[in-house]
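Student: Given next are the chains, with one letter for each unit.
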Amino acid sequence: LFAAVTANREKVQAHVMMKMDETSGLDVRIERPDGATVVRLRGDLDLASCAGLRRTATEDLIRGLVVLDLTELSFCDSSGLRVLLDMQSRAKSGGAVVRLAGPTSEVGRLLDLSGTRSYFDVYPDVAAALAG
Amino acid sequence: VIGGVAQDGESAHVLIVDDNTANRYLLVQWLRRAGHEVTEAVDGADALERLAEAAPDALPEVALLDVGLPDMSGFELCRRIKAGEHTADMPVIHVSATAVSVSDRTQGLHGGADAYLIEPVDPGVLLATITAVLRYTRARRAAQRLAGRLMILNRVTLELHSATGFDAFASAAVRGTLDVLGAQSASVYLSLSGNPVRTRQLRPDTPAVSEPIAADLLERIAHAVLGSRTGARITLLSEKDWRALVPTSRLPGDVLIAAVRAHAGRPPVCVAVTVERPPSEDDRTLLIQIAQACALSLESLRNYAEEHALALELQRSFLPRSLPAVAGVELAVRYLPASAHAEIGGDFYEAIETEHGLLLAIGDVVGHSLEAAVVMGEVRHALRAYALEGHPPEAVLELLDTLLARGQAELTTVTLCLVLVEPGRRRLRIANAGHIPPLLISQGASRFVWDHGRLLGLGGTVFEATSVELTAPTRLVLCTDGLVETRRTQLTVSLAAFETAVRAGPGKLDALCDELLEVFGRDKDDDIALLAADLTPAAG
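The listed protein sequences correspond, in order, to chains D and R. Heads up: the first sequence begins at 3 in our numbering, then just goes up one per residue. Heads up: the second sequence begins at 36 in our numbering, then just goes up one per residue.
Simulated from the structure, these hints should not be mistaken for laboratory data. Just so you know, even glycine gets a beta-carbon here, dropped at the ideal spot from N, CA and C. One or more hints might be untrue.
[As the list claims (entries may be wrong)] Simulated restraints on C-beta separations:
hint, chain 1, residue 1, chain 2, residue 2, range
1, D, Arg34, R, Ala90, 56 to 62 angstroms
2, R, Gly495, D, Ala53, 50 to 56 angstroms
3, R, Leu227, D, Arg56, 52 to 58 angstroms
4, D, Thr73, R, Glu445, 24 to 30 angstroms
[What the hints assert, rightly or not] Here are some chain R residues pointing at chain D (derived, C-beta under 7 angstroms):
hint, residue
5, Ala203
6, Arg351
7, Val401
8, Thr448
9, Gly488
10, Leu490
11, Leu526
[What the hints assert, rightly or not] Derived DMTMM-like pairs: lysine to aspartate or glutamate, alpha-carbon spacing no greater than 25 angstroms straight-line:
hint, chain 1, residue 1, chain 2, residue 2
12, R, Lys559, D, Glu108
13, R, Lys559, D, Asp48
14, D, Lys94, D, Asp114
15, R, Lys117, R, Asp92
16, R, Lys559, R, Glu348
17, R, Lys117, R, Glu72
18, R, Lys117, R, Asp106
19, R, Lys559, D, Asp123
20, R, Lys559, D, Asp127
21, R, Lys543, R, Glu388
22, D, Lys94, R, Glu445
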């Protein structure tokens, strides 16, 4: 019984969703399906909001497979890109894997213009990014 | 209102509703003798009318109702009082003139009455009942009022912290004091950049006004409250004593003053408010909290202002003081800091004469404030050094990429576009590290040069330069994203608008730069750098 309770609690914790920076226009939610980490970014990732994501992107977060879900990220500026690059850079040196899922055309344009698309592993959606 | 809630044991204002003149007279006499104020009504309608007429702060605190009124029962009157917006929490005591059944009494109590007395009423019991009913009503009201004021205090504290300029801060401080304490007039005394200022609001419906004050006045007020201590204290001064301390004050009446000095040697903050009644303990606590919130956010406002000024100075000092004069090349540059209260960015431009030609550069250090300005300075110095060593543009980018990737605790990214104008101005060598593409116009045709490599900072990037042959006079325009990036507008769309504006723009370079800043640079929350060049190829 104890084992069952513990397992259940872990399951609940794994699905805990975080919501933050409501005022800053960026909503960050973290889910952990099947051991991977999915970070869903929704809204604007810019100078004003990137500090929140930077605080969230701790060493603990960037472990194993981390999928950054950009499907609902409507705007990203160079400050936001810097945080994404920083996460990717730390993943590379720490043995973790960061994948971008479903960037919108505007975010895709930023990746192209900055020449950083090839620095990331970009997938069309979260399912594809999780499957690899 | 300061001191607005009556304290336990204080006399009360009682509404007595009884159609029997003799009974009413008796009750009124007992209550007046005990020091209470009384409003009389002869029936239910009369009572409701008197309650409706009374100002919200002059309402009776408790109602004493005869159950057998001629126009409506005391129970019905009680129900209506409890349904009134301003009288909902007024305690009601029923008085029954006749012997009543238990069911009548329970009906009264179920209907919202707070006590039920049966005649003949003993004066001692009546007064004790009023005291008991008032005790919990007053405690509840005080708690409700404090909760409401704490919510306002919370809002005011947030407003103080989010104020980015002195004017916004000072009026938030004064207005906040009036709101939290429900006072009529207040003054805030503080010092910004060594200049003591008083901001006052004499009525809630007038705007706050700031004015400089005598240098020693702020210290004098703080000394009257705090002595030479640090920390926060509060004191109540009579009108006479306050006038003696601050002859120029226009606050009427007695004044409650909170003073805060965070550190020895730091200028204090004093908040003064007019009190019409003796202030309660809550009033004092709240005023101290406001003064502390002011002192705290003023400290961060000062730091912000100092850092802002420093970063702006750094930024300016890093930009070239003069541009090289090169035959066949005309240059115009602009730098526009981000709009008033935003942070400093790391945009820069550069023009360096090298043995291989004139190197033009435009760049953007990602991140804002002091950190970006410092990195920008480093990048510009390194750029100059590498360029003067004679490296071609693509090699300069690779060297800078390596430099940035090395020894930085946190990733630092820079976008940078280099354009080498070769001697004779017949060829450009363009190397772009993730920057907004350079725009070229020649003989009425315009185009962006889209070839580019990765932005700088990740290390290990290999760059290539693109050659552009110039056969006719050519205008080159380089800018940072602050100029062309508009949220909710696709970058390709804003770049197209920019291209059109440059093509249709004035012939004179300086006029073109001014117009571009005018059209694209308004109300941007990012800084802007712009470099334009007219290049005339040498004959042959």
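Student: Next step is simple, just say for each hint if it's right about the structure.
Tutor: Going through the hints against the structure:
1. D:Arg34 / R:Ala90: 56 to 62 angstroms: At roughly 60 angstroms between Cβ atoms, Ala90 of chain R and Arg34 of chain D fall inside 56 to 62 angstroms, so the hint holds.
2. R:Gly495 / D:Ala53: 50 to 56 angstroms: violated (28 angstroms)
3. R:Leu227 / D:Arg56: 52 to 58 angstroms: violated (32 angstroms)
4. D:Thr73 / R:Glu445: 24 to 30 angstroms: This hint holds: roughly 27 angstroms between Cβ atoms.
5. Ala203: violated (18 angstroms)
6. Arg351: violated (21 angstroms)
7. Val401: holds (5 angstroms)
8. Thr448: Hint on Thr448 of chain R: holds, closest Cβ of chain D at ~5 angstroms, below 7 angstroms.
9. Gly488: It holds, given that the least Cβ distance between Gly488 of chain R and chain D is near 5 angstroms, below 7 angstroms.
10. Leu490: Hint on Leu490 of chain R: holds, closest Cβ of chain D at ~5 angstroms, below 7 angstroms.
11. Leu526: Cβ of Leu526 of chain R sits 6 angstroms from chain D, so the hint holds.
12. R:Lys559 / D:Glu108: holds (19 angstroms)
13. R:Lys559 / D:Asp48: holds (14 angstroms)
14. D:Lys94 / D:Asp114: holds (21 angstroms)
15. R:Lys117 / R:Asp92: At roughly 17 angstroms apart (the allowed maximum being 25 angstroms), Asp92 of chain R and Lys117 of chain R satisfy the hint.
16. R:Lys559 / R:Glu348: Satisfied, since the Cα-Cα distance of roughly 20 angstroms is no more than 25 angstroms.
17. R:Lys117 / R:Glu72: holds (21 angstroms)
18. R:Lys117 / R:Asp106: holds (18 angstroms)
19. R:Lys559 / D:Asp123: The hint is violated at about 33 angstroms.
20. R:Lys559 / D:Asp127: Violated - the C-alpha atoms of Asp127 of chain D and Lys559 of chain R are around 33 angstroms apart, more than 25 angstroms.
21. R:Lys543 / R:Glu388: With Cα atoms ~23 angstroms apart, Lys543 of chain R and Glu388 of chain R stay inside 25 angstroms; holds.
22. D:Lys94 / R:Glu445: The given pair, whose Cα atoms are some 14 angstroms apart, holds under the 25 angstroms limit.
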